[in-house]
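Q: Start from the sequences and build out the full structure, keeping to the hints where you can.
Okay, here's what each chain looks like letter by letter:
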Amino acid sequence: MKQTLDLRRIGIFLAFAFGIAWAIALLIYLTGWVNSTEELIPGLGITLAGALIALGYMWAPGLAHIFTRLITREGWKDSGLALNLERWGTWALAWVLPAALTLFGVLVYFAVFSQQYDPNLTQLGELVRVSEAATGRSISLDLWTLFLVQTGQAIFIAPLFNGFFTFGEEFGWRAYLQPKLMVLGFRKAVLLLGLIWGAWHWPLTAMDHNYGLDYFGAPWTGMLAMVWFTLPVGVVFGWLALRGRSVWPAVIAHGAINGIGAVGYLLLAPAVVPNTLLGPGAAGILVTLPWTLLAAYLLWKGVPAAPNVSRETTHYPSPSKETLVASRNLTKHFGKLAAVEALDVDIPAGQVFGLLGPNGAGKTTTIRMFSALIAPTAGEAWVAGYRLGENDGALRKSVGILTETPGLYEQLSAHRNLSFFAQLYEVEKVDRQVQRYLQMLGLWGRRHESVGTFSKGMRQKLAIARALLHEPKVLFLDEPTSGLDPEAARLVRDFVSELKEEGRTIVLCTHNLDEADRLCDRVAVFKTRLLALDTPTNLRRKLFGRAVVFHLDEVKPAFSNALRQKDFVQGIEVVKSKLVVKLDDPETRNPELVRELVGLGAKIRFVGEMRQSLEDVYLQLIGNEVQK
Amino acid sequence: MKKVWILVRKEWSEVFKNKMVLFSVGFMPLLLTAIPLGILFSLQGTTDISALEAEFGTAIDQLRPLCGTLPELECAQFLLLQQFMVLFLLMPAIIPVTIAAYSIVGEKNTRTLEPLLATPITTGQLLAGKTLAAAIPAVVASLISFLLFASGTALLAASPAVAVQLFSPLWLLGIFVVGPLLSLAGVSLAVMISSRVNEPRVAEQMAALVILPVMALFMGQIFGAVVINQQFMLLIAGALVVIDVALLFFCHATLPTRKYSYTLEIIALVDLGLR
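One line per chain: the protein sequences are A and B, in this order.
For the first sequence, numbering that gives the first Met the number 0 gives the first residue as 0, with consecutive numbering after it.
For the second sequence, numbering that gives the first Met the number 0 gives the first residue as 0, with consecutive numbering after it.
Incorrect hints may have been included.
What the hints assert, rightly or not - Distance condition first, Cα-Cα at most 20 Å in a straight line; then the derived PhoX-like pairs of lysine-lysine:
hint, chain 1, residue 1, chain 2, residue 2
1, A, Lys455, A, Lys472
2, A, Lys428, B, Lys18
3, A, Lys577, A, Lys602
4, A, Lys428, B, Lys1
5, A, Lys581, A, Lys555
6, A, Lys526, A, Lys555
7, A, Lys428, A, Lys472
8, A, Lys396, A, Lys472
9, A, Lys396, A, Lys428
10, A, Lys396, B, Lys1
11, B, Lys2, A, Lys396
12, A, Lys76, A, Lys179
Said to hold, decoys possible - Which residues of chain B face chain A? A partial, calculated answer using Cβ under 8 Å:
hint, residue
13, Ile5
14, Lys9
15, Lys16
16, Lys18
17, Asn108
18, Pro114
19, Leu116
20, Thr118
21, Thr121
22, Pro199
23, Arg200
24, Val201
25, Ala245
26, Phe249
Calculated directly from the structure, the hints in this document are not laboratory data.
From the three backbone atoms N, C-alpha and C, an ideal C-beta is built for every residue, glycine too.
A: What follows is the structure in structure tokens.
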């Protein structure tokens, strides 16, 4: 089933974003404030129209983001505000990229219009003349001076100064709308977003025209130019937001390009270039040229899925009611590292399921995803009847988790530790339940002592008790016997056996393969991706086949030769006084083999099935994976 | 709300087992109360407001209206004491910073954050619990010390009218509104920092910066650069409401949400040796 666009939320968001912005534009236009030079705050050059545009118009999408989430009760998950400072590369890109691209465009512009270009006739030229008069020093306004002014503005001042205003826009467009459109895929999403963004800009260009800042031509051509401008720029901002896993790099980049636009007024004033479509309009298009090239490259190349930004387009059907834990294509990436890749499992109620794998195989990450502690990058999961990400509070209430380290409050007593968690899990009779588990695990006598004084085994038992207090439907145990002495490990193992007999559904992560063999109904051997999943017995059979071992007084060549003639015998091996016969169905064929051997005079002491350990299975599977 | 209080009670039973924390919550308010009272005691012989002119300069004319109908001596004592009133705004912001800064990074370090986040507690409840657990003791300690200060003033000042003047709308607004708001701002900033770092010392160092604006206010008042009057206090209260709402919003929107848990992502990265 294809995931569809969330049209309701997108509609509400667009209604707010356009509604607020265009109402403000209309107000400014109709009241004539756009032409007013009266300053709102004397001395700062801020007019009423300017303040309304900066604080109202530019912030309209950001406000729309907030309103839509509040109205539709969407919550604040994935708000795009995470700083993700570990991605310094993207931040650096956000500062440097707009500057470099736009400067390149400006240089191309100078090259094209070099005949008409006279820096002294620009508004910047006017500023220079005023500065010269004030300081008495001569300032040379050549191309390189302009270049340096532009660079300083673009790299250092604009991103921060304009960030306040651009945040309003980006918090709406890139943080809210873009993730909603990503179900269409990156290409369509950013192109559509660019068009919407351009349409939203149009009243600004119309007002700018009225304001005498006619840098893109008349209103209608301005609209076309603005849509044209926002398409490539929007693609690059969208890419930066995805790469940075947050909206901030796009805010910085947007701040930079706005600042460059402001300097552009000074550089490319109407005094120099005729006010026609081929004048400033051409400048706008030329400045956009490098952006267009980069955007085209990004669109052509396609952008890899940004980690943590779910671009899943498929919804999988829910598993049956008997299945308590299930996953489909469950994937988790940390940056470039794939921790879990496309995991598909189904764990029915009452089963003990083992997750086996080397360190770093993704076992703990899988448990964390199943417990709704971290979000998958892709795929879906269901635990205790809840789809991950839909009602995570109820999901957490239905699962118990024993984390790799016990994680107990060491200053508090055992009783206080358990009663605190029992209350958070909304256990009805807290004291009774705490007493039950403390007694069950032999800790009742030390209930008032600080956990800091407990041995490792006692802590582990207390952590298991904590995981069980609320009688969860599913129990996740991450290395329950790790680091325990043999006696404590056995106690914990016996306790898990008891839980199994009670019919609990348990997911057990362990390195102890003997433990897994004894406790688990099924096991998954796992190294980032699933290598094998079955009962331990079936895994043994699949990998090593079945074999019967005949312990004889003496092995003669005639015995093996005779048995080799049988068409159901797959192979024969002689190990000292043992004859190992490989076959599929020993239960049916054994009598025939025994008759044959006795007929040849063999003295059979003992017959048994050859049994490989789970360790053999595990090492074989992991070994194969390493070889690959 | 129930889970918030469960968390608050747990935090208190954990934090106050540490005697040093208990000392820092109790000792500083007592010290900051004792200092102005000691000065008042030493100035009991002052007879004229003109003695203060050397210290306040021309600001004395702006300050005099704050005295209301108090006679000269009482006015002088009141204006002196008022210089220290900012300390009672400072206290609720300073005291909880250490507790708040440790709140989440501490859970990370002791590996208790994961089991805690595995419970059905919501992000809002978690943040509210952590914030209130740090802010409430500080606000209560500040209010108690203010009452001690007022009682001490009633005993040591030229007349009880000086103490009554301390309960003017200006300082009632300051102590009962601005103080708790400042506390909330400091604590939520500290909690925000705490959830983004991996090292408690970094959290404490960074969160200590919270008190800089309040210190600036205190020093500004001492040196006569700032005159705290009713309008100024109202302005601060209004600004703090906006700042608090914004901080709580950012705290909630950006921090340990489980669906997109930055905090747990970091733990996972540490486990994988990637950070």
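Q: For the restraint on Val201/B, tell me whether the closest CB of chain A is nearer than 8 Å.
A: Constraint on Val201/B not satisfied, violated at 13 Å.
Q: Take a quick look at whether Lys396/A and Lys1/B sit within 20 Å of each other, Cα to Cα.
A: With a Cα-Cα distance of about 16 Å, the restraint between Lys396/A and Lys1/B holds, given a limit of 20 Å.
Q: Min Cβ distance, Ala245/B to chain A: is it shorter than 8 Å?
A: Interface hint status for Ala245/B: violated (12 Å vs cutoff 8 Å).
Q: Taking only the CA atoms, is the gap from Lys396/A to Lys428/A under or equal to 20 Å?
A: holds (16 Å)
Q: Is the interface hint for Phe249/B satisfied, with its Cβ closer than 8 Å to some Cβ of chain A?
A: Hint on Phe249/B: holds, closest Cβ of chain A at ~7 Å, below 8 Å.
Q: Hinted pair, alpha-carbon criterion (20 Å max): Lys428/A, Lys472/A. Please report holds or violated.
A: holds (18 Å)
Q: Could you check if Lys9/B really has its C-beta closer than 8 Å to a C-beta on chain A?
A: Interface hint status for Lys9/B: holds (5 Å vs cutoff 8 Å).
Q: For Lys455/A and Lys472/A, compute the direct alpha-carbon distance and say whether it is at most 20 Å.
A: The hint is violated at about 27 Å.
Q: Given the proposed pairing of Lys396/A with Lys472/A, does the C-alpha separation stay at or below 20 Å?
A: Roughly 9 Å between the alpha carbons, so the hint for Lys396/A and Lys472/A holds.
Q: Checking hints one by one. Is Thr121/B an interface residue toward chain A, by the C-beta closer than 8 Å rule?
A: Cβ of Thr121/B sits 7 Å from chain A, so the hint holds.
Q: If you take the shortest Cβ to Cβ gap from Pro114/B to chain A, is it below 8 Å?
A: holds (5 Å)
Q: Grab the minimum C-beta distance from Asn108/B to chain A and call the hint holds if it beats 8 Å, violated otherwise.
A: Cβ of Asn108/B sits 11 Å from chain A, so the hint is violated.
The earlier numbered hints that this structure contradicts are 1, 2, 6, 16, 17, 22, 23, 24 and 25.
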